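Asks: Protein chains in written order, with full-length UniProt numbering: chain A, 1 to 426; chain B, 1 to 426; chain C, 1 to 426; chain D, 1 to 426.
Calculated directly from the structure, the hints in this document are not laboratory data.
Just so you know, these numbers come straight off a predicted model, no measurement behind them.
Each hint should be verified, as a subset may be incorrect.
Identical chains share a label here; the pair holds if one copy fits it or two copies do between them.
Once the Cα atoms are required to be at most 20 Å apart in a straight line, the calculated EDC-like pairs of lysine to aspartate or glutamate come out as [to be verified]: (1) Lys369 with Asp118; (2) Lys308 with Asp425; (3) Lys227 with Asp193; (4) Lys227 with Glu108; (5) Lys227 with Glu70; (6) Lys369 with Asp71; (7) Lys217 with Asp193.
As a plain string of letters, each chain reads:
4 protein chains.
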Amino acid sequence: MIATAHIVDNSADTLIARFHSRRQYSLALAEPLTSEDMQLQSMPDASPTKWHLAHTTWFFEQFILLPFVEDYQSPQPQFNYLFNSYYEQKGERYPRAQRGMISRPGIEDVYAYRQQIDSAIEQLLTTNTSDELVSLIELGINHEMQHQELLLTDILHAFSLNPLYPAAFNTKSGITELSADHQSASEQFIRFDAGLHQFGVAPQTDFYFDCEGPKHKAYVSQFALAKGLVTNADWLLFIEAGGYQNPVLWLADGWAVAQQEGWQCPLYWRKQGDAWYQFTLNGLVPLALNAPVSHISYYEADAYAQWKGCRLPTEYEWELAAREQAISGNFSEKQIFSPMPCAEQGVMQLYGDVWEWTRSPYTPYPGYKAPEGAVGEYNGKFMSGQYVLRGGSCVTPIEQMRSTYRTFFYPHQRWQFMGLRLAKDC
Amino acid sequence: MIATAHIVDNSADTLIARFHSRRQYSLALAEPLTSEDMQLQSMPDASPTKWHLAHTTWFFEQFILLPFVEDYQSPQPQFNYLFNSYYEQKGERYPRAQRGMISRPGIEDVYAYRQQIDSAIEQLLTTNTSDELVSLIELGINHEMQHQELLLTDILHAFSLNPLYPAAFNTKSGITELSADHQSASEQFIRFDAGLHQFGVAPQTDFYFDCEGPKHKAYVSQFALAKGLVTNADWLLFIEAGGYQNPVLWLADGWAVAQQEGWQCPLYWRKQGDAWYQFTLNGLVPLALNAPVSHISYYEADAYAQWKGCRLPTEYEWELAAREQAISGNFSEKQIFSPMPCAEQGVMQLYGDVWEWTRSPYTPYPGYKAPEGAVGEYNGKFMSGQYVLRGGSCVTPIEQMRSTYRTFFYPHQRWQFMGLRLAKDC
Amino acid sequence: MIATAHIVDNSADTLIARFHSRRQYSLALAEPLTSEDMQLQSMPDASPTKWHLAHTTWFFEQFILLPFVEDYQSPQPQFNYLFNSYYEQKGERYPRAQRGMISRPGIEDVYAYRQQIDSAIEQLLTTNTSDELVSLIELGINHEMQHQELLLTDILHAFSLNPLYPAAFNTKSGITELSADHQSASEQFIRFDAGLHQFGVAPQTDFYFDCEGPKHKAYVSQFALAKGLVTNADWLLFIEAGGYQNPVLWLADGWAVAQQEGWQCPLYWRKQGDAWYQFTLNGLVPLALNAPVSHISYYEADAYAQWKGCRLPTEYEWELAAREQAISGNFSEKQIFSPMPCAEQGVMQLYGDVWEWTRSPYTPYPGYKAPEGAVGEYNGKFMSGQYVLRGGSCVTPIEQMRSTYRTFFYPHQRWQFMGLRLAKDC
Amino acid sequence: MIATAHIVDNSADTLIARFHSRRQYSLALAEPLTSEDMQLQSMPDASPTKWHLAHTTWFFEQFILLPFVEDYQSPQPQFNYLFNSYYEQKGERYPRAQRGMISRPGIEDVYAYRQQIDSAIEQLLTTNTSDELVSLIELGINHEMQHQELLLTDILHAFSLNPLYPAAFNTKSGITELSADHQSASEQFIRFDAGLHQFGVAPQTDFYFDCEGPKHKAYVSQFALAKGLVTNADWLLFIEAGGYQNPVLWLADGWAVAQQEGWQCPLYWRKQGDAWYQFTLNGLVPLALNAPVSHISYYEADAYAQWKGCRLPTEYEWELAAREQAISGNFSEKQIFSPMPCAEQGVMQLYGDVWEWTRSPYTPYPGYKAPEGAVGEYNGKFMSGQYVLRGGSCVTPIEQMRSTYRTFFYPHQRWQFMGLRLAKDC
Ligand SMILES: [Fe+3]
Ligand SMILES: [Fe+3]
Ligand SMILES: [Fe+3]
Ligand SMILES: [Fe+3]
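Please work from the sequences and hints to get the whole structure.
Replies: And the structure:
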């Protein structure tokens, strides 16, 4: 099994309620979008809203209804080809880069498909709450949460190509200008001792993804971690210091990409005259100087750290700092959908606001084995060329977050809410 | 002026009626499409339906309202950036390849824009029917017709990428199987004498595009032209004879493209088991053997002609044959939207069904000068690298057709309704 | 037959002498080059010197020895794969873009191969001077001349990538600075009457390539042709007038290429401080202001003509002006290898100095049929997408030149010695 | 300092002798090559032999003569531009992908340059043997060794594109066919206990590269390592089992590359009829079944391990096994230049034959800081996207090898002598 759920109350009713609530949240996020918005695919990395809504449904159908319902007949057999993302063991797939070409089924057809599958799942759960089934429901719910985040980052990217700067949402903005006595906490360091620690979650705990385990030991040298995230104001100083023009600060691969793509600032920054703006899910807004910088690549994060004579933390370092803290912060449910400033004691904003790039490549933990079957393709086959990010962002559902959660992206990617925190040896 | 209109009845009422009728036809063609369909851009050469509907409106606004209405204020000033196609003299443009990314304005906004502009045009025409204005209205109407054709060829291309084979229309199919005693007329030749002829239209005639003139003399050697178009049945023989595997038949550039793209048949043919089908605006249908072959590149047409020991006609040869004939045939108004078989006396199907590739590169006629101003960018700047096609197709409005009409495409392009007729020296 | 030779004195001795002399000239051109120079292939369009020397030899072997010598055994059977350029009917070929990867055979092996084949040809000619054989020898000699030109243009391109600016030759430079009272003749026009003319050479004349015939009639409208070629001084004015920044002057395809490639001046111009230099086969030299501009694309030539309110001549117009003139000028044998200024009566420099872009796409003349067999691939299969240039250049052997000679290149290509002459309607 | 040398005998004479001997070895490796061979650059990753000979010389000039010789005047100032590889702090560089375009300086000029610099180094060493200088000489010697390896792998790649299969060397082949009772040792595992170990070398040891340090602790779980390398015979079974056709075995990135590149076997395997051959520095030879497989990517190595239910070792695991062993094996000095079979006690062939892919991304060790100055660009800026390989190969100088040596390549690269050893958890 890819995941094991240790759910305190796994009565059918509770599970069905959680299932419907989580499924409903996807629809809520899509609610302000038009059918034309939901059709957009702005790059191969991103997918249309409509596709997300259909694919998460397909996931429940393929991984639960198909194996658990006897003689299961799909209401939409053709959808297996259209909405399989990357599971080789589930058969041929529609080319990823063309997902934006599927105008039919229309969004109404996809809503109907969701209802059909949701009803079937509910019916199944009234008769079967085996551990295996509950675990897979849990997996489907976590999968749905991941796509709820992608739905938002993907529509942000699509809208960013529209010169009319459409706003997907119109929620509280809450972002303030930089006060005169402002001091960034991004260079206030907190020290941690060296030690041999245990990492990776145990089988008896709550739900986790296979890549978060198994439990294993690792030695971590003494290090220091910054109290605060690097902010937009910090980043402006990097720009003004010529950070984007100085190859000596950059990894060789990063410099090559930066030159080829013409990077001069984070992905959604826009300069109009002398003023900086940022494109957000609330449209184009003045750059919030004291908010964490976001939408930067690993390469940019690493160059910034070089410039500061620091480095990025490893994922173990991050986890050591995070695992004692309560999980709260600026997550999706706050409906701000932009990183926000913060002022607290201790290491701040480990959770929420922005995913934090670590310097740890996404590799298997000692003893890791991908599960058997198609579900084994969920994580294992992506363990090359990517880096781990930790902590979740302002568009991540809070329920999904835990100190062991590893997300992963390529070092050139910028369309997620990605930021950084400095670390250093000491 | 790009064009001169010699309109018998250019009373305001008549012109307004023609204008509205032509504008209405664009909406009628889009009627069976959903807002998601109208969002699709399946390749840089093609445009979304919504874009066509907005761009043709922009054309009237920019080339007529802006110069003729005093202190003209656009209801949508941002649309100039979004819906300018390629007129450098009209300012910066949104990148062509990203037209499918514009979900907002939505289709309802575009419909509203059309109404606003149409009302303004109607109002203008009630007070001004100067020759210059009438000529520009005429140009706008002809421009609208060109995009009515593109709207259909572009949605056909987009739908062809959908494995569910959606049908845009459900009109009469009318296409029959090949009868046992069938004889293709594609190798029955009709001879024409050599002679010095006049080509190009005169300033005092009806509307024409600048590239159709000026009137000039050209000498045409003796030649023969096939009675019939090459049919799907003919093309099957080419495939079976290994035409797509034999480089000796092909132009060097054509062979290179064919290998790179993996061409093995016309663009929309699909083989299922042993049977050939064709994807059409009515969905996937069995291949109509006696219908003209369509959706082939210049390179394929040339290779076919080589295989037959023939050649493609020049545009002058085609025009000599066509200019004595009445203009009728399978055009857009028949609402078949697929090439059809035909049986007649003389050279058949010169008009309608499929555009016919000629071996004439699209070059300026002797004495040609592009008009002054942005309107001069309509045709002249495209006079390199393309070939002339003649006669119109099953998705061309018949009003647009005349014996001097030159359309032009790159030799590798296949998404228009393009076919061929053989010619030879004699 | 691709070509027919009407040679006055085709005695074996004379033919052998001509053959050896022409073959020897290739070696003479390569003489100043090192074995490393001769290895270079700087782009897929160009070939290494060593490859030219081997390929022209292969041509004699394949088209003459193989068919005419009984039981012919090649001394180097593997060379057919390596040195076939593009003849599909001669079998598989080594990939064109990798010609620079063939370090073995070394240049000494290629010299030995040349000697082997030359001896065999000489021996064959002592026993056989049939018309067919003589025609093919003539074809081989003309083929050798074409590659003598390419050998020079290709090494110039390769050397242009070397920041040390190597000089292949050290011959007289002869190029003067622009005098104070200088007047370009590029806008002095000479008028020609309209008329129906005969073009294309007859079968009973001297050697010609198949694409120069057959003889046919064409009507040419009244036109005017400039006395002089456009000079470097003229071109500087185009640059200073913002010619490279103004899309309105350019063909749409040309503007796209110019932006993508970042064109700001002719291919081999280099600016150092405020001064312009040109890289030549004699190294980097100050720009010769009164010499004809060279190494410009069709797109640039067309934009220049647009800027001047003129156009490029058609190939018929050029031929009408040229066919009364004696063939002399700055050709390869002068060993200057750079375009030179000129002052004469009448239309000047029609021959030599630079190939002149015409506005005529390279298409078959009426009645053209490619010859049977591999020799038919010499010209016919390239008749799409290219433009005709006329008149030869400073690296063309003069023997090759005639008023009907058509060379052809793609409109974006610049590495040949390509210039322009203005024309206009009148 | 990038490296520290603890050289027992660093008398001037001994150091000069070592210097000359190492420099001479480069010339010896190039000796069988022609000047044309030495010009070849077959892909951007590879460089011409001539470039390697010049660049290693440039390294001594820039990192030693320039800082240590007062008022140093380069005999070839232009070579800094031509032969700088990637040191941003040394100024602009000639584009890497065009190194094969530099025919001048010729090879004789490069030989002369080597002599000039070598004499200057010798002269400098007679007057200065400061620790800093000796360390840099040591660095230069190690750099020379790295390029001695690249010189061989790069010419092998270049020759592999020549259909005549040239042999660079003609040394003993020594490779036998697979005997009937053969048993591969690639699945005989030896177990290692878990433990907290120290890795990374200390400042007081012999020469090492910066990336090999600093000394640090890491915990290694219990594991097992295969006694033998995976052999060609083993790999044939992988091919026959459909390993190249089964996406389930592959990393997602690996499968994408394999499909795009059409991988069906290791880089230099060639099938002729039913028999497998391998292209080597001795030309095309029958595949040696009991020799280690070579020229496979990380992706292929990982897929093979998946197929076997195993995994690749980490670099720590490899190092634990290797650091107790004496350093001997099939290295460059044996002049075999191909991987060979082996039969020994214990874990075999940890050193020599083929570099062994580890599953460890090339990342900085805890506490790593790149040195100041241009020398700091040697390793640190490449620490993203690459994997560590360990142990050296049949073209690595033995002097270079040590248990802590980390080389690194991208997971898609195959042109080095790269093989694999299985590992597993236990
Ligand atoms: Fe998914
Ligand atoms: Fe238009
Ligand atoms: Fe040739
Ligand atoms: Fe180096």
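Asks: Now tell me, hint by hint, if it's right for this structure.
Replies: Hint by hint, here is what the structure shows:
Taking identical chains as interchangeable, the C-alpha atoms of lysine 369 and aspartate 118 are never at most 20 Å apart, the minima being 31 Å within one chain and 54 Å between chains. Taking CA atoms no more than 20 Å apart as the test, lysine 308 paired with aspartate 425 passes inside one copy only; the shortest distance there is 13 Å, against 40 Å between copies. With identical chains, the CA atoms of lysine 227 and aspartate 193 are at most 20 Å apart within one copy only, with a shortest distance of 16 Å there and 39 Å across copies. With identical chains, the CA atoms of lysine 227 and glutamate 108 are never at most 20 Å apart, being 47 Å at best within one copy and 50 Å at best between copies.
In the homo-oligomer, the alpha carbons of lysine 227 and glutamate 70 never lie at most 20 Å apart, since the shortest distance is 54 Å inside one protomer and 49 Å across protomers. Proximity of lysine 369 and aspartate 71 under a CA criterion of 20 Å is satisfied in neither setting, with 31 Å inside one chain copy and 61 Å between copies. Within a single copy, lysine 217 and aspartate 193 get their C-alpha atoms as close as 16 Å, and across copies as close as 14 Å, so both meet the 20 Å cut-off.
Violation of the numbered hints given earlier is confined to hints 1, 4, 5, 6; the remaining hints are satisfied by the structure.
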